[in-house]
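This is what each chain is made of:
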Amino acid sequence: MNVMGIIFTNDASLGALTDKRTMASLPFGGRYRQVDFALSNMSAAGIRHIGIFSRHNYQSLMNHIGAGEEWGLELEEGGLEYLTPFSMSTTDIYRGKLDALHSVMSILEKSREEYVVLIDSAIISNIDLKHVIKCHIESGKDITVVTKTGIANGKKQLDLAVKVDENGEATDIAVDYVAPADYLASMDIFVLSKKWLVQRIKEHIARNLFHMDRDLVLGLWQKNAATIHVYQFPGIAMYNESVEEYFRNSMALIDKKTRHDMFGYNHPVFTRVRDRVPSFYGENCEVENCVVADGCILEGEVENSILFRNVTICEGAEVEDCIIMNDTVVGEGAELKYVILDKDVTVRPGAKLCGTPSNPIIVKRGETV
Amino acid sequence: MFFQKKRCIAMLLAGGQGSRLKVLTENTAKPAVPFGGKYRIIDFPLSNCVNSGIDTVGILTQYQPLELNEYIGNGQPWGLNKTHSCAQVLPPYERHDKKSGWYKGTANAIYQNIDFIDRFDPEYVVVLSGDHIYKMDYAAMVAYHEKHNASCTIAVRTVPLEEASRFGILNTNPDNSIYEFEEKPKVPKSTNASMGIYVFNWSILRQALINDEEDPNSSNDFGKNIIPTLLNAGHKMMAYIFDGYWKDVGTIDSLWEANMELLGKNPEFDIRGDEHTKIYARNSALPSSYIDEEARTVNCFIAEGSEVYGTVRHSVISVGCTIGEDALVEDSVVMPGVVIEPGAIVRHAILGENSRIGKNAVVGGAFKPNEKKKISVTSKGAVVEANTVLLPGDML
Numbered sequence: 627m628n629v630m631g632i633i634f635t636n637d638a639s640l641g642a643l644t645d646k647r648t649m650a651s652l653p654f655g656g657r658y659r660q661v662d663f664a665l666s667n668m669s670a671a672g673i674r675h676i677g678i679f680s681r682h683n684y685q686s687l688m689n690h691i692g693a694g695e696e697w698g699l700e701l702e703e704g705g706l707e708y709l710t711p712f713s714m715s716t717t718d719i720y721r722g723k724l725d726a727l728h729s730v731m732s733i734l735e736k737s738r739e740e741y742v743v744l745i746d747s748a749i750i751s752n753i754d755l756k757h758v759i760k761c762h763i764e765s766g767k768d769i770t771v772v773t774k775t776g777i778a779n780g781k782k783q784l785d786l787a788v789k790v791d792e793n794g795e796a797t798d799i800a801v802d803y804v805a806p807a808d809y810l811a812s813m814d815i816f817v818l819s820k821k822w823l824v825q826r827i828k829e830h831i832a833r834n835l836f837h838m839d840r841d842l843v844l845g846l847w848q849k850n851a852a853t854i855h856v857y858q859f860p861g862i863a864m865y866n867e868s869v870e871e872y873f874r875n876s877m878a879l880i881d882k883k884t885r886h887d888m889f890g891y892n893h894p895v896f897t898r899v900r901d902r903v904p905s906f907y908g909e910n911c912e913v914e915n916c917v918v919a920d921g922c923i924l925e926g927e928v929e930n931s932i933l934f935r936n937v938t939i940c941e942g943a944e945v946e947d948c949i950i951m952n953d954t955v956v957g958e959g960a961e962l963k964y965v966i967l968d969k970d971v972t973v974r975p976g977a978k979l980c981g982t983p984s985n986p987i988i989v990k991r992g993e994t995v
Numbered sequence: 555m556f557f558q559k560k561r562c563i564a565m566l567l568a569g570g571q572g573s574r575l576k577v578l579t580e581n582t583a584k585p586a587v588p589f590g591g592k593y594r595i596i597d598f599p600l601s602n603c604v605n606s607g608i609d610t611v612g613i614l615t616q617y618q619p620l621e622l623n624e625y626i627g628n629g630q631p632w633g634l635n636k637t638h639s640c641a642q643v644l645p646p647y648e649r650h651d652k653k654s655g656w657y658k659g660t661a662n663a664i665y666q667n668i669d670f671i672d673r674f675d676p677e678y679v680v681v682l683s684g685d686h687i688y689k690m691d692y693a694a695m696v697a698y699h700e701k702h703n704a705s706c707t708i709a710v711r712t713v714p715l716e717e718a719s720r721f722g723i724l725n726t727n728p729d730n731s732i733y734e735f736e737e738k739p740k741v742p743k744s745t746n747a748s749m750g751i752y753v754f755n756w757s758i759l760r761q762a763l764i765n766d767e768e769d770p771n772s773s774n775d776f777g778k779n780i781i782p783t784l785l786n787a788g789h790k791m792m793a794y795i796f797d798g799y800w801k802d803v804g805t806i807d808s809l810w811e812a813n814m815e816l817l818g819k820n821p822e823f824d825i826r827g828d829e830h831t832k833i834y835a836r837n838s839a840l841p842s843s844y845i846d847e848e849a850r851t852v853n854c855f856i857a858e859g860s861e862v863y864g865t866v867r868h869s870v871i872s873v874g875c876t877i878g879e880d881a882l883v884e885d886s887v888v889m890p891g892v893v894i895e896p897g898a899i900v901r902h903a904i905l906g907e908n909s910r911i912g913k914n915a916v917v918g919g920a921f922k923p924n925e926k927k928k929i930s931v932t933s934k935g936a937v938v939e940a941n942t943v944l945l946p947g948d949m950l
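Protein sequence lines, in the order shown, are assigned to chains A and B. Heads up: take any position in the first sequence, counting from 1, add 626, and you land on our numbering. Heads up: take any position in the second sequence, counting from 1, add 554, and you land on our numbering.
Mixed in with the good hints, there may be bad ones.
Cut-off 25 Å, straight-line C-alpha distance, at most; resulting in silico cross-link-like pairs (SDA-like, lysine to any residue) [stated by the list, open to error]:
| id | chain 1 | residue 1 | chain 2 | residue 2 |
| --- | --- | --- | --- | --- |
| 1 | A | K882 | B | R850 |
| 2 | A | K760 | A | K782 |
| 3 | B | K819 | A | G942 |
| 4 | B | K913 | B | G897 |
| 5 | A | K883 | B | K559 |
| 6 | A | K883 | B | A839 |
| 7 | B | K658 | B | P646 |
| 8 | A | K883 | B | E717 |
| 9 | B | K559 | B | K658 |
| 10 | B | K576 | B | S808 |
| 11 | A | K883 | B | P646 |
| 12 | A | K789 | A | H682 |
| 13 | B | K701 | B | F796 |
| 14 | B | K738 | B | G798 |
| 15 | B | K913 | A | E914 |
| 16 | A | K969 | B | R910 |
| 17 | A | K883 | B | G912 |
| 18 | B | K832 | A | R902 |
| 19 | B | K819 | A | E927 |
| 20 | A | K882 | B | E848 |
| 21 | A | K756 | A | E914 |
| 22 | A | K883 | B | G897 |
| 23 | B | K819 | A | A977 |
| 24 | B | K689 | A | R900 |
| 25 | B | K928 | B | E717 |
| 26 | B | K738 | B | W800 |
| 27 | B | K913 | B | D880 |
| 28 | A | K756 | B | S838 |
| 29 | B | K819 | A | R902 |
| 30 | B | K636 | A | E703 |
| 31 | B | K819 | A | I923 |
| 32 | A | K963 | A | E867 |
| 33 | A | K849 | A | Q825 |
| 34 | A | K882 | B | N771 |
| 35 | B | K832 | A | G992 |
| 36 | A | K782 | A | E703 |
| 37 | A | K882 | A | E927 |
| 38 | A | K646 | A | M877 |
| 39 | A | K969 | B | K832 |
Derived by calculation from the structure, the hints in this document are not laboratory data.
Pulled out of the complex, with its shape left as it was, chain A reads as follows (with noise of 0.2 Å):
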């Protein structure tokens, strides 16, 4: 595939549970972190040089990714790239996507590629890169940017809405913008191709401009200095940008339609293996309506709710509307709704934790509560 990937791990604002990880790190779904998605998608377009930028708490990253194996990334020539802060060679900190790319000009100038996809971490799909890469030469113009309708509600801040006519052509670009209802959101994915990419970073960092969204799609498509292709994403998109979204999308897992087309629509998600035996159920659980990831232990009750590995739900507890990450264990006894238990958590034996929908109770890493 003549195309790179760069991969944005983000900065997280989702509380607590990012805290101490970046988005990208951020586990969803039972198994995966959110890098899954974006990787995994890359590897099923036969994306074969991938950069990942981040800023910090890389280190629990490069843990889950490793060389790359389990994408098949794990090359000769390409493969994985991490991108970290050592390497930049101006700035403290990235005030922006481009000061961040601006920072590996070299790696970028470097590649043998001819187009760059760009992806970000916190809106996740499982979408078929190929055919928007194609789209994308086909349509002649120099930005793609992938979008998705009904996400803009006059409500949800966009960091990048897009207007379109009848004929797909946009109409309207906004920035940082509570776009309404007729407006389509950026899926932070982006085709361009690379040589026009380090033209224009070289001439923004010049002139002080680092922001991908503003001042490189919006200002160059005002100035008409440059042609927009707005795709449109006819599958699932989760904007996992806030707790509340982060819960209600992984709750949305449950339905099958949407976890099919989250996991096997165009291709699989991959993610580290753990090698954990298959998940236990005992003599006395009761389990409805659940997502299930390998080497849980379960014998108590648990409802709608997302039970990532290793989790251990003891006898009479009572589990509801919770998500539960690697290794935690609740004890006997103990009754959850609406929580979000972080991973390594222990819950004691009969402790009560009662969230709301949208506003799930956090447990922090490690603790015990």
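Got chain A; can you put chain B on it based on the hints?
Quick look at chain B alone, frame taken from chain A:
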């Protein structure tokens, strides 16, 4: 190419047909038969090697090797694909001196791969078979072998006296040195059954294999030829007593039993283990499993990628299966990718990979606690049509 000298390497005999597994091994070698929801039989000896610090494994294949070779691949799931490690599949091949061809027996299979072993110049070679379910630290066995300055050490387990005549029996002195080997004795003198796990000094085994090959009357088998010959030649041979779980899953009944022995709160075989005893497997990249609102899941294993809408009791459900609404699965082993359609009833069965049980079909039956259980089996990809019956003990 650079070959690092190794103290110890393993040779895994994985070429057997496994004919007693009947339809389950029609198109696949026994070591590639699925086990325990997400494993294949060969994962156990391979993982034991890795957990014992053995990083070079030759895998001798012959019968229906396609699936097995594909499964082993470059050894990545077991970490055997690194600079100083390997999982090398060794099929029979043609040689200039005509001393080649199909593997005539277990000893001949190793004989034909002397060159492979010589490259690593090992002190010890561990010979394993690919049809047993167990967790064992081979490093401890090699240390025992070394400590006793033996030429060959054989792992043994105690079997009930009345069953001893089904096994190769090792008669030992009080210090566990072996003075006699009897293959399936009518009147067993001891209850030490060979587990088919051997540690040899490579120099001694190498010569024994060459001598054995020159004997036209030999059946080129470890149990029948190599072990008795070494013993008669006065070599020091030790029995290494293993008291952990071990199961030969060479028959339909034992394969079913071994799967059932994974279940329960305190199972006979704890497959879980810790970081040093875990079993590795090639991963199928399927999403988490889903348990529906109407599902019932009691005393069972359910692997990733499965969707359960019906009732599962005392069973092992492997990766990527679907158990339809109002379907019932009891006391059964459901191998990867099986679809059980709504209303079907499956009891005391092994359902082969990707087989399909049609709507309201009935497979197998129930038995009284002490009654001999007749296990129904479907082969890979078999279809039990809707509203039809597969009787207890029948195969499709």
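For each hint, the structure was consulted:
1. Under the criterion of a C-alpha separation no larger than 25 Å, the hint pairing K882/A with R850/B is consistent with the structure, at around 18 Å.
2. A hinted pair counts as satisfied when its Cα atoms are at most 25 Å apart, and K760/A with K782/A does not qualify at roughly 31 Å.
3. For the hint linking K819/B to G942/A, the alpha-carbon distance of about 15 Å falls within 25 Å, and the restraint holds.
4. With a C-alpha separation of about 6 Å, the suggested pairing of K913/B with G897/B holds against the 25 Å cut-off.
5. For the hint linking K883/A to K559/B, the alpha-carbon distance of about 54 Å lies beyond 25 Å, and the restraint is violated.
6. For the proposed pair K883/A and A839/B, the alpha carbon gap of about 19 Å is at most 25 Å, so the pair holds.
7. The hinted pair formed by K658/B and P646/B meets the criterion: a straight-line CA distance of about 10 Å does not exceed 25 Å.
8. This hinted pair does not check out: K883/A and E717/B have alpha carbons roughly 54 Å apart, beyond 25 Å.
9. Only pairs whose Cα atoms come within 25 Å are accepted, and K559/B paired with K658/B is rejected, the gap being roughly 29 Å.
10. Restraint check: the Cα-Cα separation between K576/B and S808/B comes to about 13 Å, which is no more than 25 Å; the hinted pair holds.
11. For the given pair, K883/A sits about 48 Å from P646/B by alpha-carbon distance, which is inconsistent with the 25 Å threshold.
12. Distance check on the hinted pair: K789/A and H682/A sit about 34 Å apart at the alpha-carbon level, beyond 25 Å; violated.
13. For the proposed pair K701/B and F796/B, the alpha carbon gap of about 17 Å is at most 25 Å, so the pair holds.
14. Between K738/B and G798/B the CA atoms are separated by roughly 22 Å; this keeps the pair inside 25 Å, and the hint holds.
15. As the CA atoms of K913/B and E914/A are separated by approximately 23 Å, the hinted pair is consistent with the 25 Å bound.
16. Distance restraint check for K969/A and R910/B: the Cα-Cα separation of roughly 38 Å exceeds the 25 Å cut-off, and the hinted pair is therefore not satisfied.
17. Distance restraint check for K883/A and G912/B: the Cα-Cα separation of roughly 23 Å lies within the 25 Å cut-off, and the hinted pair is therefore satisfied.
18. Restraint check for K832/B and R902/A: the C-alpha separation of about 8 Å stays at or below 25 Å, so the hint holds.
19. A distance of roughly 16 Å separates the Cα atoms of K819/B and E927/A; the hinted pair therefore holds under the 25 Å criterion.
20. For the proposed pair K882/A and E848/B, the alpha carbon gap of about 14 Å is at most 25 Å, so the pair holds.
21. At most 25 Å may separate the alpha-carbon atoms for a hinted pair to count; K756/A and E914/A exceed this at roughly 38 Å.
22. Proposed proximity of K883/A and G897/B is supported: the alpha carbons are some 22 Å apart, at most 25 Å.
23. Among the hinted pairs, K819/B with A977/A is consistent with the structure: their alpha-carbon atoms are about 24 Å apart, no more than 25 Å.
24. Restraint check for K689/B and R900/A: satisfied, since their Cα atoms lie roughly 19 Å apart, inside the 25 Å limit.
25. Taken as a hint, the K928/B and E717/B pair is honoured in the structure, with Cα atoms around 21 Å apart against an allowance of 25 Å.
26. A C-alpha spacing of about 19 Å is found between K738/B and W800/B, which places the hinted pair at or below 25 Å, so the restraint holds.
27. Taken as a hint, the K913/B and D880/B pair is honoured in the structure, with Cα atoms around 10 Å apart against an allowance of 25 Å.
28. Among the hinted pairs, K756/A with S838/B is consistent with the structure: their alpha-carbon atoms are about 23 Å apart, no more than 25 Å.
29. Restraint check for K819/B and R902/A: satisfied, since their Cα atoms lie roughly 17 Å apart, inside the 25 Å limit.
30. Taking the CA atoms of K636/B and E703/A, the gap is near 18 Å; set against the 25 Å cutoff, the hint holds.
31. Restraint check for K819/B and I923/A: satisfied, since their Cα atoms lie roughly 9 Å apart, inside the 25 Å limit.
32. In summary, the hint linking K963/A to E867/A is supported, as the alpha carbons are separated by about 22 Å, within the 25 Å threshold.
33. At most 25 Å may separate the alpha-carbon atoms for a hinted pair to count; K849/A and Q825/A meet this at roughly 17 Å.
34. Among the hinted pairs, K882/A with N771/B is inconsistent with the structure: their alpha-carbon atoms are about 63 Å apart, more than 25 Å.
35. For the suggested pair K832/B and G992/A, the alpha carbons sit about 24 Å apart, so the restraint of at most 25 Å is met.
36. Our distance criterion of 25 Å between C-alpha atoms is broken by K782/A and E703/A, whose separation comes to about 42 Å.
37. Note on K882/A and E927/A: the hinted pairing holds, with a Cα-Cα distance of about 21 Å set against a maximum of 25 Å.
38. Note on K646/A and M877/A: the hinted pairing holds, with a Cα-Cα distance of about 23 Å set against a maximum of 25 Å.
39. Taken as a hint, the K969/A and K832/B pair is honoured in the structure, with Cα atoms around 21 Å apart against an allowance of 25 Å.
The earlier numbered hints that this structure contradicts are 2, 5, 8, 9, 11, 12, 16, 21, 34 and 36.
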